[in-house]
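Colleague: Each of the two chains sits in its own frame; use the hints to bring them together as a complex.
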Amino acid sequence: MVQEKVRFQPFSGEPVRLIDEQGHWIAGFEHGLPPDLLRRFYRDMLAARILDEKLIILIRTGKTSFVAPHSGHEGAQVGIAHALRKGHDWLFPYYRDMGLMLAMELPLVEIFGQTLGNAADPAKGRQMPSHPGSKKLNIFSVCSAIASHIPPAAGAAISMKLRRTGQVAVCTFGDGATSEGDWHAGINFAAVQGAPAVFVCQNNRYAISVNISRQTASESIAIKAHAYGIPGYYVDGMDVLASYFVMQEAIERARAGHGASLVELVVNRFGPHSSADDDSRYRSREELAAERLHDPLVRFQRFLEKQDLWDANWANELGLEISKELEAALQEALQTGEPDPLEMFDDVFAARPWHLEEQRRLVAEELR
Amino acid sequence: MPTMTMIQAINTALDEEMSRDERVLLLGEDVGKRGGVFLATEGLQQKYGPDRVMDSPLSEAAILGAAVGLAAHGMRPVAEIQFADYVFPGIDQLFSQAAKLRYRSGGQFTAPMVVRMPTGGGVKGGHHHSQSPEAHFAHTGGLKVVVVSTPYDTKGLLKAAIRNDDPVVFLEPKRLYRATREEVPGDDYLIPIGRAAIRREGADISLISYGGPMVETQKAAEEMAAAGIDPEVIDLRTVMPWDKETVLNSAAKTGRVLMISEAPRMASVASEVTATVSEELFDQLLAPPMRVTGFDIPYPLAQDKLYMPTVTRILNAAKKLLDY
Ligand SMILES: Cc1ncc(C[n+]2csc(CCOP(=O)(O)OP(=O)(O)O)c2C)c(N)n1
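From first to last, the protein sequence lines are chains A and B.
Counting in numbering that gives the first Met the number 0, the final residue of the first sequence is number 367, and the numbers go up one at a time with none missing.
Counting in numbering that gives the first Met the number 0, the final residue of the second sequence is number 323, and the numbers go up one at a time with none missing.
Read the hints as simulated data drawn from the structure, not as lab findings.
Heads up, the beta-carbon is just placed ideally off N, CA and C, and yes, glycines get one too.
Heads up, simulated EDC-like pairs for lysine to aspartate or glutamate below, C-alpha to C-alpha not over 16 Å straight-line:
id, chain 1, residue 1, chain 2, residue 2
1, A, K62, A, E52
2, B, K32, A, D276
3, A, K305, A, E20
4, B, K252, B, D203
5, A, K123, B, D303
6, B, K304, A, E342
7, B, K123, A, E337
8, B, K46, B, D14
9, B, K304, A, E337
10, B, K304, A, E365
11, B, K32, A, D278
12, B, K123, B, D303
13, B, K304, A, D339
14, B, K32, A, D277
15, B, K319, A, E365
16, B, K318, A, E365
17, B, K243, B, E279
18, B, K318, B, D229
19, B, K319, A, E364
20, B, K218, B, E200
21, A, K4, A, E251
Covered stretches of chain A, as calculated for chain B (at least 3 residues, CB under 8 Å):
id, region
22, 124 to 134
23, 210 to 217
24, 356 to 365
Here chain B stands alone, though its shape is the one from the complex (with noise of 0.2 Å):
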C-alpha cells in the first residue's frame, strides 16, 4: 500500500474525484500552472486542462462567489483559498451566499461547493499565515466544517466533502502537510463527516482535539500513559457538525474532559464542546471540562511556538482535571 503525506493525500483526493466526475472542477489563486503554493493541486492543471483547474484572478470574493454560481449551476466545485487567513476578502459570499442560499431558497437552490484552505499555526507565519478561524464558520448555519489531522482521513473525507450536496469548509493544518506519512489505500473510501475518530482508548481522562494539535495531545497522551495514567484520545475530524455522541460516551466513561484546540478561546469549538459534556453529563462528571486553547490575541510572528497548545500546557491542564 502506497504511504503518502497529507498534501500528497489531497491531491489523490482531488485526481480521483475529477477522474470519477467531470463536474468536478478546482479553482483559485496559484492552483493552475504552480500547482498551489503548497502543491496540493500539482499536476492536475496538465492533466485536466486550464477550464477544470483554474488559476483565478487575486480575489476571495471572485473565488468563492463563483463557486456558488458555478454550483448552483450544477458543477461541484473545489475552491482554494490560499491560506484560511485569506478568507476574509470572499466571507460574504460564504456567509451571505454559500451558507444560505438552500435556506433562503426553501430548498430549491443549493451550493455543493468544497472551500479547502491552510490552516493553523507553527510554521513562523505571522499574523495571517498562522489563524485558525474554524469558529467563524461553525458559527454560521448552512456550512458544515471539517479539519483533518491524517493523511489517511485527509483522502477520505475530502473525497466525501466533495461528494456532499452541502458547503463545506475543509480546513487543512499546514504545519501537517509533509509532517508524517502514512499508508493510504489505493480505492475509493469516504469518511462520513459528522464522525469522530478515537485514537486511542482509555478510562481516566478524555483529552478531545482536532487538526494540528492532535500531535501535541498524542504526545502528551503518551506521557500520561508512562506516567501510569490511561487517557483516552479522541479527534473530532469535524467540527461542524461535531460527533456528540462519541464524545459524551467517552466523557461518561472517564468522568474527565479536556479539550484542546489551537484556535482563540473565546466562543471557540472547545467552548461549545465543554459547555455540552457540563449540561448534559454535569452529574456524571468528576471534575469540570476544562480547554486549553491558543490565545485571544492576533497570532504572534515571535511566539510562533508558545501560542500553539505545548505539551506541557496539556500535560498541567490534565493533572487539574486528574487532582480535582
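Just chain A, same shape as in the assembly (with noise of 0.2 Å):
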C-alpha cells in the first residue's frame, strides 16, 4: 500500500481526537468511510462489551477462573484491529485485549475454550482465562509478564524487516508495562533497526491500584517516544475512528519502511482491574461514575446517529443477534469437555525426553 497523506502529527499536546463527545465529526479531514464499515466498527464494540459482561457472568457461575474486563476500552481495541492486515500483520497482545480478539475474529469457540481452559482451546487449557493467541491469525500467544511481549515484537518486526515480508508486529500493553525495563529493551532495539513495529499503550490511568501519577513523571506515555527517536502519538482512545486513523498512519508508515512509532491511547477502565480486584479500595466511584459517562459506545453511537446509521431498534435486534452468536459458540466450547491432563507433558520440547516420559508414566498409573 502507497503511504497515505500525514494527517496526524506526533507529540500533540491535546489528544488527537475526531469525534466530539457530541458526536460531531471534528477533523479536519473526510473520514471516507462507507456505512456498512462504520456499523461493522459499531458491531465489533457492542460484542466487545456484551462480551465483557458474559466472562463476568462466567466468573460469577464459577465456569472460569478469571477475567480482565476491557470495557472502556472497546474504542481503542476495535480501532486497533480494523487498522491492521488481519492475518497478515502480527499482533503481540496482552491479557486486557479479548475485545481485540473478538474484533480480530478469533473464532468465539477458541475464545470461549480459553476462557474455560477446556478442550475447545487451542492452547490445551494450559493457560489463565484472557491469555488467548493463535498461530493462524499471527496472534502471538498471551505471557502474563507484563511487558515481557515487547522485545519479542521488535524481533518479529526486525524479521519482518530483512525477509521482506510487507507485515508490521502490533503490540499493545497498558500504561503500567512502560515502566518495565524489557519495554525500554524492546522498543529501543525497534527503533535503532527502523523496524516496521507499532507499540500501542492502552493507557488506562491504572495499573491495578496504582494511578499513572505514580507510575511515570512525564506528562504523557506517548513522549517517551522522542527519547527513542520515534513519533508518539497521543490519542483519545474513546473514540474508535481517533483510534483507527492513528493507528492506521502509524501501520502504514511502518510497513513503508519508515519504521517504528508509539500510539498512546488514553482509555478508562470501567471495571476492576480483574475478577480478582476489588477496586473501591482504591478509586472512589464518583471518580468511577464520572469516567463512566465518557462511553466509546455511546459517543460513537452518537456520530452514527447523526449520519442515520444508528436508531434503537437496529441496535437492540444487533445485541440480540450478537448475544445469540456468543452463547451458541459459548455451549458449543462447553462440549468439548476437560482436556486430557496426560497433555500436560506435551509441547514442553518438540520431543519428551527420558524425564518426562517417567513423569508422564507416574501420573497415567496415578489415574489408571
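Modeller: Next comes the structure, spelled out in C-alpha cells:
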C-alpha cells in the first residue's frame, strides 16, 4: 500500500480526537469510510461489551477462574483491529485484549475454550483465561509477565524487515508496562533497527491500584517516544475513529519502511483490574461514575445517529444477535470437555525427553 | 492469644518491625493504597505514610535494585514482588547486585533486605502465578531463602529476616495465606533462619518438606499413622542454608527419607537434600532417599491440582520406601 498523506503530528499537546463527545466529526479531513464499515466498528464494539458481561457471568457461575475486563477499551481495541491487516500482520497482545480478539475474528469457540481452559482451547487449557493466541491469525500467545512481549515484537519486526515480508508487528500493553525494563529494551531495539513495529499503549491510567502519577513523571506515554527517536502519537482512545486512523497511519508508515512508532490510546477502565480485584479500595465510586459518562460506545452511537446509521431498534436487534452467537459458541465450547491430563507433558519440547516420559508414566499410573 | 491467618501474621510482623525500627520500609507494586493484592500490607500506608510504604512503578528491577541501594545506604527495605513468577524482570538486581554486594566489596557494603514473594500453585494461576522458584535463589551464593508454612512461623521468621544482615528471599505459599488460623503470640519473638521444625516425631520414615506441600505431607503422615506406620515429619522452613543437622539426625533414626516439594525436580532443593542424605548416611539407610516433586514442565492451569504432590503420590512413594 502506498503511504497516504500524513494526517497526524506526533507529540501533540492535546490528544488526537476526531469525534467529539456529542458525536460531531471534528477532523480537518473527510473520513471517507463506507456505512457498512462504520456499522461494523459499532458491531465489534458492542460485541466486545457484551462479551465482557458474559465473561463476568462465567466468573460468577464458577465456570472460569479469571477475567480482565476490557469495558472502556472497546474503541481503542476495535480501532487497532481494523487498522492492521488481519492474518497478515502480527499482533502481540496482552491480557486485557479480549475485545481486540473478537474484532480480530478469533473464532468464538476458541475464545470460550480459552476462557474455560478446556479442550476447545488451542492452547490445551494450559494458560489462565484472558491469555489467548493463534498461530493461524498471527496473534502471538499472551504471556502474563508484563512487557515481556515487547522485545519479541521488536524481534519479529526485525525479521519482517530482513525478509521483506511487508508485514507489521503491532504490540499492545497498558500504562504500567511502560515502567518495565523490557519495554525500554524492545522499543529501543526496534527503533534503532528501523523495524516495522507499532507499540500501542492502552492507557487507562491505572496499573491495578497504582495511578499513572505514581508510574511516570512524564507528561504522557507518547512523549517517551521522543527519546527513542520515533514518533509518539497521543490519542483519545475513547474515540474509535481516532484510534483507527492514527493506528492506520502508524502501521502504514511502518509498512512503507519508515520504522517504528508509539501510539498512546487514552482510555478508561470501567471495571476492576480483574475478577480478583476490588477497585473500591483505591478508586472512588464518584471518580468511576464520572468516567463512565464518557463511554466509547455512546460517543460512536451519537456519531452514527447523526448520519442515520443508528437507531434503537437496529441496535437492540444487533445486541440480541450478538448475544445469541456468543451463547451458541459458549455451548459448543462447553461440549468439548476437559483436556486429557496427560497432555500436560506435551509441547514442553518438540519431543519428550526421558525424564518427562517417566513423569508422564507416574501420572498415567495414578490415573488408571 | 489472638489467632491469625498467615497473611495476618505477615501484616503483624511488618507492623511490629516498622514501629520498632524506623529504617524499615516497604516497597512494591500495589503495596500502598491497595495494601497489596493479597492485603499483606493492608493499613500500613495509612499508619506509616507513603514514604515508608511505597507504591513503586511496575518494575521488579526498580523494586529490587532500589532495595539494594536503600539497604546499602542504611535502610532496612522489605520489597514485595507481587508473585514469585514476576521476579524474573528483576533477577539481575537480585543475583548480580543483592547476592554479590558483600562479597564483591570484601564485606565493605552489604544489602540487608527482605524480598517477600507469594509462591507456589494450587490457586488456578496458570504459568505465571504458580511457580516455585526457590532453587534459582538457593543456587545463587549470597541469598538466604525462607519458605514458610504456618502463621506462627511466618511472624517469627519474617521478623528475623528483617533483622538479618544479608538479603533474604522470603517465600509465602499463597495457597496457605488464608488456609488456616493458629495462635500467634503478640510478643516480639524470632525464629532463627536456618532451623527446621520437627512437626511430628516418628521412627519409621522421615517425611521432609517445606512450604505449601507441608499440608499434603502432614495429611499423608496422618494416614500412615492410622495404618500403623510411625512417620517423622520435618518442615525445613529455610531452604538456604537448610538444616542439615536436623535432617541427618532424623534420617539416621528412621533410615528412610522421603522429600516432598512442589518445585520442579531437576536441580531442586529436594535433589540437594536427598543427595546429601545419601552421601553422608549411605551405610545407615534402609532404602535410597526418594523424592516426590512437581514436574519439569511449565505449570499448567488445567492440571492445577494434579501438578502438585498429591497425598496419594506421597503415600505411594512412602510405600516404596517402606517395602524396599
Ligand atoms: C512482570 C510482572 N509484574 C507484575 C505483574 C502483576 N500485574 C498484573 S497486571 C498488573 C498491572 C498492569 O497494569 P497496566 O500495564 O497499566 O495494564 P492494565 O492492566 O491497566 O490494562 C500487574 C502489576 C505481572 N503480570 N507481570
